[in-house]
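2 protein chains.
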Amino acid sequence: MRKFVGGILTSLISRSFQLQKHHRSLSSSHSRFLSSTPLLLRRSVSSMADSPSSSLPVTLDTINPKVVKCEYAVRGEIVTLAQRLQEELQAKSGSHPFDEILYCNIGNPQSLGQQPITFFREVLALCDHPIILDKSETQGLFSADSIERAWQILDQIPGRATGAYSHSQGTKGLRDTIAAGIEARDGYPANSNDIFLTDGASPAVHMMMQLLICSGKDGILCPIPQYPLYSASITLHGGTLVPYYLDESAGWGLEISELKKQLEEAKSKGVDVRALVVINPGNPTGQVLAEDNQRQIVEFCKKEGLVLLADEVYQENVYVPDKKFHSFKKISRSMGYGESDLSLVSFQSVSKGYHGECGKRGGYMEVTGFTADIREQIYKMASVNLCSNISGQILASLVMSPPKVGDESYESYSAEREGILSSLAIRAKALEDAFNNLEGVTCNKAEGAMYLFPRIELPQKAIKAAEAANKAPDAFYCIQLLNATGIVVVPGSGFGQVPGTWHFRCTILPQEDKIPAIVNRLTDFHKGFMDTYRN
Amino acid sequence: MRKFVGGILTSLISRSFQLQKHHRSLSSSHSRFLSSTPLLLRRSVSSMADSPSSSLPVTLDTINPKVVKCEYAVRGEIVTLAQRLQEELQAKSGSHPFDEILYCNIGNPQSLGQQPITFFREVLALCDHPIILDKSETQGLFSADSIERAWQILDQIPGRATGAYSHSQGTKGLRDTIAAGIEARDGYPANSNDIFLTDGASPAVHMMMQLLICSGKDGILCPIPQYPLYSASITLHGGTLVPYYLDESAGWGLEISELKKQLEEAKSKGVDVRALVVINPGNPTGQVLAEDNQRQIVEFCKKEGLVLLADEVYQENVYVPDKKFHSFKKISRSMGYGESDLSLVSFQSVSKGYHGECGKRGGYMEVTGFTADIREQIYKMASVNLCSNISGQILASLVMSPPKVGDESYESYSAEREGILSSLAIRAKALEDAFNNLEGVTCNKAEGAMYLFPRIELPQKAIKAAEAANKAPDAFYCIQLLNATGIVVVPGSGFGQVPGTWHFRCTILPQEDKIPAIVNRLTDFHKGFMDTYRN
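Protein chains in written order, with the working numbering: chain Y, 1 to 535; chain G, 536 to 1070.
Rather than coming from a laboratory, the hints here were simulated on the basis of the structure. Keep in mind that this is a model prediction, so the values were computed, not measured. Don't take each hint at face value.
[As the list claims (entries may be wrong)] Simulated crosslink set (BS3-like; lysine-lysine; CA at most 27 Å straight-line):
hint, chain 1, residue 1, chain 2, residue 2
1, G, LYS604, Y, LYS69
2, Y, LYS66, G, LYS604
3, G, LYS915, Y, LYS471
4, G, LYS604, Y, LYS92
5, Y, LYS69, G, LYS1006
6, Y, LYS380, G, LYS707
7, Y, LYS217, G, LYS1006
8, G, LYS604, Y, LYS217
9, Y, LYS66, G, LYS804
[Stated by the list, open to error] Here are some, though not all, of the chain Y residues that point toward chain G, as calculated from beta-carbon distances under 7 Å:
hint, residue
10, PRO57
11, PRO116
12, ALA164
13, SER202
14, SER412
15, SER414
16, GLY528
17, THR532
18, ASN535
Glycine residues also receive a C-beta, built at the ideal position from the N, C-alpha and C atoms.
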């Protein structure tokens, strides 16, 4: 069964020291181009072949094996299939037993009908086209505080030039606003020099991986299951993913004993573990860490000399009254740890929260506890890409400094925000209940984030059928679900899971009025699937 | 003298096979953290030290040596100095012998006062805040064709959701528009499936380097001088820069004999040269390639099995009547070469041209002549970062499909465009003449792009003074220029140059009315410098 753990765990410790060799055996299962000719002969051989495509200089066996090895399930095979089905539906309605494809594979709220926060979009539009700020018609179209905010932001941008490259870390004034927002959130000082604005959180994660990983001997502790950006970026940068398993039976709890065990095991294999990734609220698991637990994690990183990479992009997405988001920066400062004690990077994004502005590609990382020399290196890496997009930078400042009580937009902003968050809580509960009503399915609560990660007990017959189809059993299930219902979810094997268990990730993002139909379609499909494959 | 060639040429072939070793000797000159302790002991030693910063886990000798080795001169030391001077000026006016810092280090037109193209910004604002499209006030504020275009674009975006992640390559409809623009430009078919929209051209270049470079044995032919994005990304991805020298005495001409010579030399050292970078119009050199020359380049790549990486981001920036931009795609198609003959990637950006929208981070690459397997890998790399920002995508579509004769905005658009381009031509000529009037300075014409790259004959006494200050002579000159005048230019050593020659890169972007003052300041400084160091 172990072979189906697949996906992200292919980079497990024991194999990772032999990247080149590993790559060849891996790609041989993928590629029809691979020859058994020795490396040095391959290019000249391929240029001697006479099919048109083989005269091209680039082949799978001559490109970067890390790229070939990299996997990214949330946009993988199943999404390609979904796109094909969508094209078929467009070409011929009625060609499938559903009217539309429902993309529950990725946290992309506005693609499923969520409306943007009006105030944010007003400010962005005004900053894009500032010459209308002085016109009288503008006051009829835009709120007074959006006009005022746009002026403030323009004054923070040198020459009011929203079309110019900014400082490599992002416009100083916008970073000041963000730092003030972090201070207001945490109750501890934040410094705009610690902020690096990025095109969403993903490039920030890549930057840290590129910095920390020298070779396959460098390990990064990652939760399993995890958002596959981490496994993908570790693979792309040639490092080793050191897995720690979240405890599904304890609501996807994070146990320090598990961290210790995996760290020791990695060390015993010669892996130098550099950093710990924590995703809080969890993706794909939805748990929100308790304060006590966070303190233990900080202590662990401090003691073991690990960089704490804190993915906090779902900080606004908490749905249960007994849990609250606390940033790791706040936790560490509350323990008395400062700049000299803990290397901590917190990732934030405009793509998540109640706003869900994925297409704007805004985000930042707050980098604390690194020496000046290392910060210079991070700055240099940011410089090579010049800067992140200014609209995304502006939006990141707005997210960390939304309208306040008394502002003209406050009420409408607040209503939009609460409407989205309370609806997300309702949707999360409805889908969780629906999953738990299915035969052989158990699903932890989504305390936060945007996902449920139900576990499916698949019948042996289904597992055999999957093997015959050369698919992981959960991928087999998800493909059948898509073909039958148009619902796109991602197999657990894309995130990692305890060997022999099967899951899928489903976003809670379809609009509320669509949930009942989704539940019906899911339920019908599942019954049929289980009936077909019941042992 | 050879040691001053510095910068990008540190990755020259003969050294690159010993990256790890090389890094240590390199970083030892930079870093006060480096110990001579063997690798495996170093981390435990540093954790035993008791200064606060040394208890932090990340040190210069434990991070990715490729990051340490990477250099990016256009935002390097000289810009850091400029930022400090600017802060000092703000804190105390009159603290320096100039009123403002003039950033001529980077092609960032709007930072120096260039105004955005109105039509483009109208459409962006409307797409950011589409609910105003139906309001009557909007017609008073926006041109009719910008409203119409915004509707068209929204209809191209699934669910009109400008806040959703798009397809990993970018929104299909926008790619269709871009493909149509390429067809109109070249007179040959273009396919939207070949377009990958990116956050500016830089991430696209990184993506191709990451794809093509497996190890230090993989070489990329780059012009010298070159835009240091290429040297930086080759270093970051662990490859080898194989230099070919442009001929300064022939207007920075590109000689095929030089390409052949360098390719053979690299091969003889065991380097597998994978690709040829051509920047046309040239950066930092400003030359525009002749059609004949381009055909020779295509033939060379075809014959030698090289991927042609064509940096065509300055395609709109041509200032001389006897030269015209031709894309390499058009050239290769006109020679009868199609998908099966030549692997060609063309990079385009919204940051350059007449629009200069650097802050929007929009761009694309057109990828042709790769097998389906390789395209899948490129798609996967794009997927890991989800998508580029949608405003940048929209702007890329506008740049490739601006207003046409008969559209309401055509006249104003056309006037703005011509105003900028003709002024750039005037500025280029004025600065070129000014440089050529300086003692010991010769400067080729900027036929295109945004830069001049004058050569300075520095007196021996200046070279000695630079050596004493541990600076490359051209860096020494540029730092003195900055300190005396507030003008920021980039030393030639950041771009590469023939050993023993010295240059700097200066953008042609200051507004026309500032040029006379700049010329005066430059001239006065240069006279003083030469008088001080005359042999």
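Hint check results:
At roughly 26 Å between alpha-carbon atoms, LYS604(G) and LYS69(Y) fall within 27 Å of each other, so this suggested pair holds. This hinted pair checks out: LYS66(Y) and LYS604(G) have alpha carbons roughly 21 Å apart, not beyond 27 Å. Of the supplied pair hints, the one linking LYS915(G) and LYS471(Y) holds, its CA atoms being roughly 19 Å apart against a limit of 27 Å. For the given pair, LYS604(G) sits about 55 Å from LYS92(Y) by alpha-carbon distance, which is inconsistent with the 27 Å threshold.
Distance hint between LYS69(Y) and LYS1006(G) is unfulfilled; the C-alpha atoms sit about 43 Å from each other, more than 27 Å. For the proposed pair LYS380(Y) and LYS707(G), the alpha carbon gap of about 34 Å is over 27 Å, so the pair is violated. At roughly 37 Å between alpha-carbon atoms, LYS217(Y) and LYS1006(G) are farther apart than 27 Å, so this suggested pair is violated. Between LYS604(G) and LYS217(Y), the direct Cα distance comes to roughly 20 Å. Compliance with the 27 Å bound is thereby established for this hinted pair.
Pair hint LYS66(Y) plus LYS804(G) holds up; C-alpha atoms about 25 Å apart against a cutoff of 27 Å. The interface hint given for PRO57(Y) is met, as the beta carbon of that residue sits about 4 Å from the closest beta carbon of chain G, less than 7 Å. The beta carbon of PRO116(Y) is positioned within 7 Å of a beta carbon in chain G (closest approach about 5 Å), and the interface hint is therefore held. Proximity of ALA164(Y) to chain G holds as hinted, the smallest CB-CB distance being about 4 Å (cut-off 7 Å).
Interface restraint check: SER202(Y) against chain G, minimum CB-CB distance 5 Å, threshold 7 Å, status holds. Taken as an interface hint, SER412(Y) does not check out: its beta carbon lies about 12 Å from the nearest beta carbon of chain G, beyond 7 Å. This hint is violated: SER414(Y) has a C-beta 19 Å from the nearest C-beta of chain G, more than the 7 Å allowed. Checking GLY528(Y) against chain G: minimum C-beta separation of about 30 Å lies over 7 Å; hint violated.
Taking 7 Å as the C-beta cut-off, the interface hint given for THR532(Y) is violated, the closest approach to chain G being about 32 Å. At a threshold of 7 Å, the smallest CB-CB gap from ASN535(Y) to chain G is about 37 Å, leaving the interface hint violated.
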